[in-house]
Amino acid sequence: MKDNTVILSGRGVTKVFGFGANKTVAVDHVDFTFRKGEIISIVGESGSGKTTLAKMLLGLVSPTEGEIYFDGELRDIRTHKKKREYWKNIQAIFQDPFSSYNIFRKVDAVLLDCIRMRGGGNLPYDEKLEMMKRACSFVNLKFEELTNKYPFELSGGQQQRLMIARIFLLSPKILLADEPTSMIDACSRATILDMLMGLRNDIGMTPIFITHDIGLAYYVSDTVYIMEHGRFVESGTADQVILNPKEAYTRRLLSDVPKLHEEWDLSTV
Amino acid sequence: MKHLLRQTFRSGKFLVGFVIFMTILLTVLIYPLFVKDPPLGIISRGTFLAPGIYVNVYDSMNSSPRYTLILEGAASRRVAGKLGDDDRQAMQEWLVAKGVPEDSIDIADTAGLIALWESNFDPSLRLPGMTNADRNYYIRLTASLEGLLATEDAVVAAANPETGALEEIGVITQTDYVNVGEVPNSRLFVLGTDNFGRDVLTELVSATGVSLIIGFVAGIVATTIGLILGLVSGYIGGLVDDIIVFITNLFTVIPTFVLLILISFSIGQEQRGAFTIAVVIGVTSWVWTTRAVRAQVVSLRNRDHVNLSKLSGHSVAYILAMDILPYIASYVVMALILQISSAILAEAGLSILGLGPRTTEVPTLGLMMRWGLIYQAHVLNYWWAIFPVILVIALITFSLNLMNTGLDQVFNPALRE
Amino acid sequence: MSKVILEVNELTTNYVTRFREKIYAVDHVSLKVEEGKSVGIAGESGCGKSTLALSLMGYYFAPLHYSSGEIIVDGRNISGMDPDDVRKTILGREISYIPQAAMNALNPTQRVINFIEDVIQAHYPKTTKKEIYELARERFELLGLPAEVLRKYPVELSGGMKQRTVIATSVILSPKVLIADEPSSALDVTSQKMVIKMIMDLMNKGIIKALIFITHELPLLYNVTDDIMVMYAGQIVERGTAEQMVFDPIHPYTRALMGSIIVPEAGLRDVKLAAIPGTPPNLKNPPSGCRFADRCKFVKPECRAISVGLRDAGEGRAYRCIIPEEDLRKAYQSEG
Ligand SMILES: Nc1ncnc2c1ncn2[C@@H]1O[C@H](COP(=O)(O)OP(=O)(O)OP(=O)(O)O)[C@@H](O)[C@H]1O
Ligand SMILES: Nc1ncnc2c1ncn2[C@@H]1O[C@H](COP(=O)(O)OP(=O)(O)OP(=O)(O)O)[C@@H](O)[C@H]1O
Ligand SMILES: [Mg+2]
Ligand SMILES: [Mg+2]
Chain A
1 MKDNTVILSG RGVTKVFGFG ANKTVAVDHV DFTFRKGEII SIVGESGSGK TTLAKMLLGL
61 VSPTEGEIYF DGELRDIRTH KKKREYWKNI QAIFQDPFSS YNIFRKVDAV LLDCIRMRGG
121 GNLPYDEKLE MMKRACSFVN LKFEELTNKY PFELSGGQQQ RLMIARIFLL SPKILLADEP
181 TSMIDACSRA TILDMLMGLR NDIGMTPIFI THDIGLAYYV SDTVYIMEHG RFVESGTADQ
241 VILNPKEAYT RRLLSDVPKL HEEWDLSTV
Chain B
1001 MKHLLRQTFR SGKFLVGFVI FMTILLTVLI YPLFVKDPPL GIISRGTFLA PGIYVNVYDS
1061 MNSSPRYTLI LEGAASRRVA GKLGDDDRQA MQEWLVAKGV PEDSIDIADT AGLIALWESN
1121 FDPSLRLPGM TNADRNYYIR LTASLEGLLA TEDAVVAAAN PETGALEEIG VITQTDYVNV
1181 GEVPNSRLFV LGTDNFGRDV LTELVSATGV SLIIGFVAGI VATTIGLILG LVSGYIGGLV
1241 DDIIVFITNL FTVIPTFVLL ILISFSIGQE QRGAFTIAVV IGVTSWVWTT RAVRAQVVSL
1301 RNRDHVNLSK LSGHSVAYIL AMDILPYIAS YVVMALILQI SSAILAEAGL SILGLGPRTT
1361 EVPTLGLMMR WGLIYQAHVL NYWWAIFPVI LVIALITFSL NLMNTGLDQV FNPALRE
Chain C
2001 MSKVILEVNE LTTNYVTRFR EKIYAVDHVS LKVEEGKSVG IAGESGCGKS TLALSLMGYY
2061 FAPLHYSSGE IIVDGRNISG MDPDDVRKTI LGREISYIPQ AAMNALNPTQ RVINFIEDVI
2121 QAHYPKTTKK EIYELARERF ELLGLPAEVL RKYPVELSGG MKQRTVIATS VILSPKVLIA
2181 DEPSSALDVT SQKMVIKMIM DLMNKGIIKA LIFITHELPL LYNVTDDIMV MYAGQIVERG
2241 TAEQMVFDPI HPYTRALMGS IIVPEAGLRD VKLAAIPGTP PNLKNPPSGC RFADRCKFVK
2301 PECRAISVGL RDAGEGRAYR CIIPEEDLRK AYQSEG
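Chains as they are written, first to last, in my numbering: chain A, 1 to 269; chain B, 1001 to 1417; chain C, 2001 to 2336.
Treat the hints as calculated values from the structure; they're not laboratory data. In this text, all values refer to a predicted model and were calculated from it rather than measured experimentally. Backbone N, C-alpha and C define an ideal beta-carbon position, used for all residues, glycine too. A couple of the hints might just be wrong.
[What the hints assert, rightly or not] Straight line, CA to CA, 20 Å or less: simulated EDC-like cross-link-like pairs of lysine to aspartate or glutamate:
hint: 1; chain 1: C; residue 1: 2284; chain 2: A; residue 2: 153
hint: 2; chain 1: C; residue 1: 2197; chain 2: A; residue 2: 262
hint: 3; chain 1: A; residue 1: 106; chain 2: C; residue 2: 2021
[Stated by the list, open to error] Partial chain A-side listing against chain B, Cβ under 7 Å, derived:
hint: 4; residue: 60
hint: 5; residue: 84
hint: 6; residue: 87
hint: 7; residue: 94
hint: 8; residue: 99
hint: 9; residue: 100
hint: 10; residue: 101
hint: 11; residue: 102
hint: 12; residue: 104
hint: 13; residue: 113
hint: 14; residue: 117
Please build the complete structure, drawing on both the sequences and the hints.
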């Protein structure tokens, strides 16, 4: 599973939105090295630039400054064709499942798109159906319950799980999961996290979790990056960062999480 | 979709607008099935005939059966029809001015009044303060009084083709009636005739149809241009966006109507058909659609469902058509409705200025207004030649705008209640 | 025993899909909330939590339909009321509801104060803008929100601030019950804490009398609410105090749920989280027996045959299983 080849890395990656008085430095000169098969978490509070970084890694937003290297080479996604190739390798689950769907298309279309992307566009329908069913059962959904429905007819959690089923069909090399389980119950969350981690073992996928849930980061990841105001302030193995945080920011994040065996002090906000 | 439609028709505003518009549209479609006259056919010799039923006099004497009806007050109505209250008043004034004592005149007593008049009236007499027009009026009045109180039958005579002498062919008594339905030739002018002697109603219906077509063509041209430019500029961004926004801004600061006038003028009278005018109006009015569409697209292009579509390897055209267009479809429909209504008004404006379609081919609402105004129908009280036109224009734009606000309420729930 | 603010008896509601099929998303649910108490609702996604929230308020707009049961708010039976009347007289005044993802549904072209004006004038059309502003300012300050927020547009507010604004706005008329559907799951931990503190303040300062809190974040539920109800496939499977439910669950599903809690405490990475294989039943035609049977480790043949009601386990606890409490506990013990 984890070997030492670097799959994705960046040097001085920066994104600035707007200019003049409206200038926002969303991501500020971050360096990172993600290895193949390593589970990474990027943790930070709202507005710290996690999603912006993810969109840059995906090639949906172009960095203002800095380079991103994919598979050892400088990433080149200047043409539509190269982008398509790149997106076969890197996929995402977006933060807000409610806005991730085109409400005018039935949810089956989302899965069919994935099959087509993997080159299965010409398969007989039965085979496609089989693939869709398998993908759904992978995320504990029943395909029969979803087929022919519009996205707004599913609950938030169902929508989010369908997004994960998409990843199962696409099996990319890198997955950027932006709050992938924010609307899923604890039990299914455990199941899904186990499954995403399983995908790492089966197909060598490198999952990158973007979350503000430190518990989740601690549970899943090998390496944790803590992000504050567009910068990585602390990084290291999960045990190092979460059990022995060095930065006050990390300690605050930790203390704000409701826990079972410790008092949750509401007066500190 | 079905749900949305149902909601649309539950909106009171939309429904009222829709009913008005449909009534107009259906009239335009159905009327020609019953009245087959050419809309521009000149059918009256005189101009501005008032609305009413016109019965052929020759036929009503000759070929239709005659009936005798004894109706109460028929004679006095006949007299009143020729000698109205105004006329009696005028006669009294004349008589008083001449020196006839006022208390000896009873204007309600027709026979007495006429007798008094005949014994006193002198057309050559010039009374102080009397204009030439007044004098002519009194002379005309006097002529019309002739035989007013006659009770004898009227004799109809025709020239004998051989001898050339007049021979009696029939008698019409004062109690003779014909059934209008049995007169072979009669014509209903619901809205009279216009300055050329055309039937205003037939012309109006046909003009409404042409104006609606102009509106639709112009609206579709404008919306298509606006939609394509807006989509491209909003989604692709960058230099393309800058150029399109620049052009759009340029068009925004030039008053469109002035541009419209210049283009129409330069095309020249001969080339200006209704269709050309429609296209010209469409080509000059896409600006607002472009702006609205672009703003919508800009807010949509960074949405996650668009990102997801990109990640699924879809092309730009596919994303525009499937992931963006459905989201703005409601705005586009609304913009189209507004464009249609403003195009109809623009055509009217152009035509009033004499820059509308060639006049000889088709009537349009604008052209009808133009002729009504040139012949001063509004000043001379020929209301039928101009107010129905204004009413139809108002109704069309009103109903379209009403539908638009109705749709707006359905599509933007925040405006509801 | 203090006054019951909200009582729901055997409430059943269903969705009618485009294909005219009925989905019973809330099936014979009963609950009671006393004055000053808060109840948490947890359960798998799609089990009907949000639907229950809508149903509780009598907010039945297509495709959701009422089918049976009663809802009593502070002694007043609102079941069977016309949904438009509910919107006019109940919503916001008796019960307030913060829908899932409410903060993203704010109209971006309206200032916060306009939004509040809409809410108040829907109920009291005569109030002037000035009175509303004063009222809103007072309320916002009481809840620790700066009054400047009132003049801002939603986009100018951060996520946490937006959510707190939404909450403060929806309780502006001091409703008796507040139903919060996942109010903090889209927020980071710090904003979440602020939102929770505000909801606690609402209770402590007497602005609301009872709270129904829907979330799947069990540690949060444990810290916030007095009682917890766990739903599965449209039914309540277990209810009890937060303490009992988290540390001493009876029903196998509750146990699995509690066994999959993730908190950043040492040792978490060594625990195997309790994941349940399989999927919940289709609510279109749920099985006649126990709905959890297909995924239950302790399933017996009779589970699929008899449908079980809620069994009382004393002290207001109840669970839905044909296996008696002691046997379940024994089974858990032997599992370790
Ligand atoms: N398209 C944009 N234009 C302008 N500013 C933006 C844009 N997208 C993000 N930002 C700004 O960049 C900063 C980082 O935003 P980002 O969405 O990356 O944060 P995040 O860490 O993902 O937060 P959250 O946990 O709330 O999702 C924020 O201050 C945000 O306002
Ligand atoms: N508009 C609808 N039409 C038909 N079925 C619906 C509709 N909305 C929800 N459902 C179905 O009703 C069930 C309950 O949905 P609900 O939204 O109440 O779940 P939930 O418990 O709130 O889930 P989550 O935690 O994911 O929000 C689901 O199976 C869902 O598919
Ligand atoms: Mg984000
Ligand atoms: Mg829900």
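Verification of the supplied hints:
1. 2284(C) with 153(A): 14 Å, holds
2. 2197(C) with 262(A): This hinted pair holds, its Cα atoms lying about 17 Å apart.
3. 106(A) with 2021(C): Holds, at about 18 Å.
4. 60: 5 Å, holds
5. 84: Check passed: Cβ of residue 84(A) comes within 5 Å of chain B, closer than 7 Å.
6. 87: Hint holds; residue 87(A) Cβ to chain B Cβ min 5 Å, cut 7 Å.
7. 94: 4 Å, holds
8. 99: Since chain B brings a Cβ to about 5 Å from residue 99(A), closer than 7 Å, the hint holds.
9. 100: 4 Å, holds
10. 101: 6 Å, holds
11. 102: 5 Å, holds
12. 104: 4 Å, holds
13. 113: 4 Å, holds
14. 117: 5 Å, holds
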